[in-house]
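Counting from 0, one number per residue, gives the positions in the sequence shown under numbering that gives the first Met the number 0.
Treat the hints loosely; a few may be bogus.
[Unchecked claim] Taking lysine-lysine and the DSS-like style, the derived pairs with C-alpha atoms no more than 25 Å apart in a straight line are: (1) Lys2 / Lys23; (2) Lys171 / Lys19; (3) Lys88 / Lys2; (4) Lys2 / Lys100; (5) Lys171 / Lys2; (6) Lys99 / Lys2; (7) Lys171 / Lys23.
[Said to hold, decoys possible] Restraint ranges, calculated between C-beta atoms of paired labels, are given here: (8) Lys99 / Leu44: 26 to 32 Å; (9) Ala82 / His103: 18 to 24 Å; (10) His103 / Asp143: 28 to 34 Å; (11) Arg119 / Ala161: 30 to 36 Å.
Think of the hints as simulated: they come from the structure by calculation, not from any bench.
Small disclaimer: the values here were computed from a predicted structure and weren't measured.
Glycine included, each C-beta is placed from N, C-alpha and C at the ideal position.
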Amino acid sequence: MDKIGIFFGTDTGRTRLVAKQIAKKLGDTADAPVNIGRTTLADFLAYDHLIVGSPTLGDGMLPGESCGLSQPSWEEFVPQLAAADLTGKTIAIFGLGDQKKYAHEFVDAIGILHDAFVARGARVVGRWPTAGYDFEASLAVDGDEFLGLALDQHHQPVLTEARIDTWLAQIKTEFLR
């Protein structure tokens with residue numbers, strides 16, 4: 000398998016730290032994480048296997064300039080996908096959110112990114128159980144699963160490392176299918 004590309008959007012730096020943690024755990028099977036606001040569509044498309052991460056901001060939005068960020072992020076990158084064919088790409092998504100303060104849009108970014116990637120032909124892997132979380136609604140939920148790894152660094156930071164380890168073991172096999 001070729002190297003895994005890791006791309007993230009961030010507002011406070013937490014998603015970047017999780018992306019770096021994931022890259023460290025993957026070792027030489029992954030390239031260094033890249034801020035999505037500092038890359039090109041061509042660089043993104045150079046990978047067949049990708050791990051992408053994003054926080055959910057405000058009322059269930061992707062990070063970007065309209066949210067007050069000083070640089071572009073997923074909000075500006077996703078529209079570029081309209082010109083892309085993601086057929087043959089396998090993508091796993093992780094998202095950060097606050098299940099208490101934003102219980103009605105917890106990790107919505109996972110769902111938004113999932114739908115954008117699937118619409119362009121990508122295969123998205125890495126579903127994660129909703130058990131163990133306390134939230135009201137999310138665009139990232141299908142049945143009793145999130146469409147990617149949901150992390151809450153505000154209320155469940157002690158669970159993050161174990162969740163990442165379990166999820167990475169899962170997606171490694173899913174990438175090979």
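Status of the hints after comparison with the structure:
| no. | hint | verdict |
| --- | --- | --- |
| 1 | Lys2 / Lys23 | holds (13 Å) |
| 2 | Lys171 / Lys19 | holds (17 Å) |
| 3 | Lys88 / Lys2 | holds (13 Å) |
| 4 | Lys2 / Lys100 | violated (37 Å) |
| 5 | Lys171 / Lys2 | holds (12 Å) |
| 6 | Lys99 / Lys2 | violated (36 Å) |
| 7 | Lys171 / Lys23 | holds (15 Å) |
| 8 | Lys99 / Leu44: 26 to 32 Å | violated (37 Å) |
| 9 | Ala82 / His103: 18 to 24 Å | violated (33 Å) |
| 10 | His103 / Asp143: 28 to 34 Å | violated (18 Å) |
| 11 | Arg119 / Ala161: 30 to 36 Å | holds (32 Å) |
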